[in-house]
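The whole structure should be built from the sequences, with the hints applied where relevant.
Protein chains: 2
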Amino acid sequence: MITDQKKKLTEKLIINKLLKKLNFKKTSTYNFQNDGSKIKYPSKKELIVSQDTLVENVHFFKNDTPESIALKSIRTNLSDILSMGGKPLSYTMSISINNTIDYYWIKQFTNSLYKEQKKHNFYLLGGDIVNSKTLSITITVFGLVKKGKLILRSGSNNNDDIWVTGEIGNSYIGLQILKNKITIKKKKIKDYFLKHYFFPSPPLVISQKLFKFMNSAIDISDGFIGDLEKLTLNNSKGALIYVKNIPFSKYSKELINNKIIKIENILSGGDDYQLLFTSKKIYRNKILHLSKKFKCKVSLVGEVNNSKKIEFLGLKLNIMKKSYVHRI
Amino acid sequence: MITDQKKKLTEKLIINKLLKKLNFKKTSTYNFQNDGSKIKYPSKKELIVSQDTLVENVHFFKNDTPESIALKSIRTNLSDILSMGGKPLSYTMSISINNTIDYYWIKQFTNSLYKEQKKHNFYLLGGDIVNSKTLSITITVFGLVKKGKLILRSGSNNNDDIWVTGEIGNSYIGLQILKNKITIKKKKIKDYFLKHYFFPSPPLVISQKLFKFMNSAIDISDGFIGDLEKLTLNNSKGALIYVKNIPFSKYSKELINNKIIKIENILSGGDDYQLLFTSKKIYRNKILHLSKKFKCKVSLVGEVNNSKKIEFLGLKLNIMKKSYVHRI
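Those protein sequences? They're chains A and B, same order as listed.
With our numbering, the residue at position 121 of the first sequence is 121, and numbering never jumps.
With our numbering, the residue at position 139 of the second sequence is 139, and numbering never jumps.
Since the hints were derived computationally from the structure, they do not count as laboratory data.
A portion of the hints provided could be inaccurate.
If several chains are the same, the list does not tell them apart, and a pair holds so long as it fits within one copy or across any two.
Stated by the list, open to error - Below, in silico cross-link-like pairs of lysine-lysine (DSS-like), each with a Cα-Cα straight-line distance of 25 angstroms or less:
1. K133 x K62
2. K44 x K26
3. K26 x K40
4. K185 x K262
5. K87 x K38
Remember, it's a predicted structure, so these values are computed and weren't measured experimentally.
Below you can see the structure in the form of structure tokens.
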């Protein structure tokens with residue numbers, strides 16, 4: 001009996017048996033039989049694009065599950081589309097695989113992508129499969145925005161509210177656990193943080209409704225502080241942050257209170273993939289209403305000003321590392 | 001004195017000092033200050049996309065020059081746009097660099113891209129820079145075709161002519177020289193083949209004029225025979241190939257005549273990046289006229305039929321390896 005694992009991996013096999021289901025039978029992909037694809041979308045929309053590469057031992061660990069690597073790869077890309085006010089349309093993907101990868105691995109990888117695509121209705125357009133010593137995934141993701149409604153990092157004005165979706169720091173704490181920098185005994189709590197590290201969850205659903213109230217946005221990939229700087233300082237603005245309003249999970253709060261982790265490290269840590277955005281004050285109730293309706297945290301964490309610096313109200317912070325950088 | 005080589009490589013430095021010149025100041029790239037870009041093009045056109053990854057020690061050698069790696073990366077992608085009948089518009093690029101790469105390397109790499117972009121009028125939309133043990137480049141390239149004029153691999157009909165641009169095999173022979181499988185004493189001849197391996201030259205200019213006579217096309221990346229199969233057998237057709245018409249360089253012919261290399265190996269070798277296409281017989285003179293006008297070889301190498309096999313007229317071939325595959 002030939003098991004899945006034993007199948008010889010050829011490009012043709014991977015395409016026909018594992019990738020083809022991801023094109024959702026869209027004719028513009030030419031069933032992956034052509035040198036490329038056509039990008040089709042309604043003429044009243046604008047097309048946006050973003051590209052991110054994830055590399056083993058840099059963005060994920062070698063032995064992370066194929067599910068985690070798949071969802072991390074696609075969701076970190078989708079979060080860039082969200083930060084521009086877009087709805088995911090489709091993507092291309094290049095997978096560089098090494099000899100630790102077998103048929104079963106790619107099957108789990110593509111099955112995870114399939115479920116994510118079904119959930120949010122976007123499809124694979126094409127891509128490439130190559131051999132490499134280093135496992136890595138490059139995704140180019142396409143999104144649609146209404147004409148003239150693209151959100152930039154640079155759209156904020158003085159007195160705008162600063163908001164953040166979800167919670168900050170869970171993924172960073174998960175990474176510290178994996179690196180043995182923090183020890184957490186209770187399995188439930190440990191798993192809570194690890195889950196956030198392995199499966200980032202950008203606010204794919206609620207953000208589609210929040211867009212109309214945003215005038216600038218960024219996805220938090222390099223850390224709350226680093227990305228806040230890009231949103232404000234790079235736009236010749238400043239920010240006043242209400243520290244008590246920054247959304248930490250109750251487990252994170254426990255670690256902060258017990259001095260197991262420093263709040264400034266959490267705020268400089270990365271990989272949250274939540275949206276940090278600004279909005280006119282008049283939309284405050286609309287945003288809180290959506291937060292309630294979608295059962296998704298959206299927290300008012302500060303205010304834009306023209307100070308050209310970032311101040312934290314309610315805590316003296318000693319920020320050592322401005323922004324988390326992936327070793328480059 | 002701080003030399004270029006000594007500069008610490010940060011993502012910001014690479015973007016601001018080396019990559020920014022590649023966006024040709026297009027506003028839709030947001031000066032690389034946003035999470036992504038907008039893809040803009042005339043509404044009477046259709047947008048096509050293709051994505052290829054090149055990996056060190058698979059698609060190029062570690063010590064190949066940055067110029068060669070840059071031009072190979074972009075041109076192998078552009079050739080996919082040509083095979084669909086497209087004109088290059090723009091591209092996104094992810095570079096995975098390791099610690100052998102310094103500022104000067106990336107400067108040469110981006111300067112080569114800049115010259116190529118200027119020549120063919122396309123620009124960089126955005127991308128990613130990451131650290132990896134393995135140097136690799138993923139490009140997603142966008143092209144435009146007139147509405148309804150996209151060329152597929154599957155458009156040929158019985159009795160169509162089969163044509164190929166440029167010459168076949170020079171790059172393959174260059175690779176054999178680098179692998180020490182062939183020894184060539186004369187520096188001039190050796191350099192001739194190496195140049196073709198290091199700098200593939202898809203027919204970027206003449207193909208824009210040839211498109212209107214093509215009904216199917218493919219770029220020869222996996223070898224003349226393998227790609228001919230995709231163009232004919234995969235379309236339930238067959239082909240009769242006139243071996244004496246296959247365009248070899250005079251140096252290749254010498255090697256074949258002196259039995260230093262086998263013709264079947266050349267035809268199964270890869271990396272030509274020339275266009276193999278089919279066309280109605282009535283366009284024969286138009287194509288030959290363009291070939292003369294652009295001083296670019298375009299050779300009539302065969303005929304499409306319904307035999308569902310590929311026959312070579314004028315030579316008994318013992319094809320061992322159907323198609324060159326990059327180790328997957």
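Item checked: Index of numbered hints that the structure contradicts, given in increasing order -> Violated hints: none at all, because every hint is consistent with the structure.
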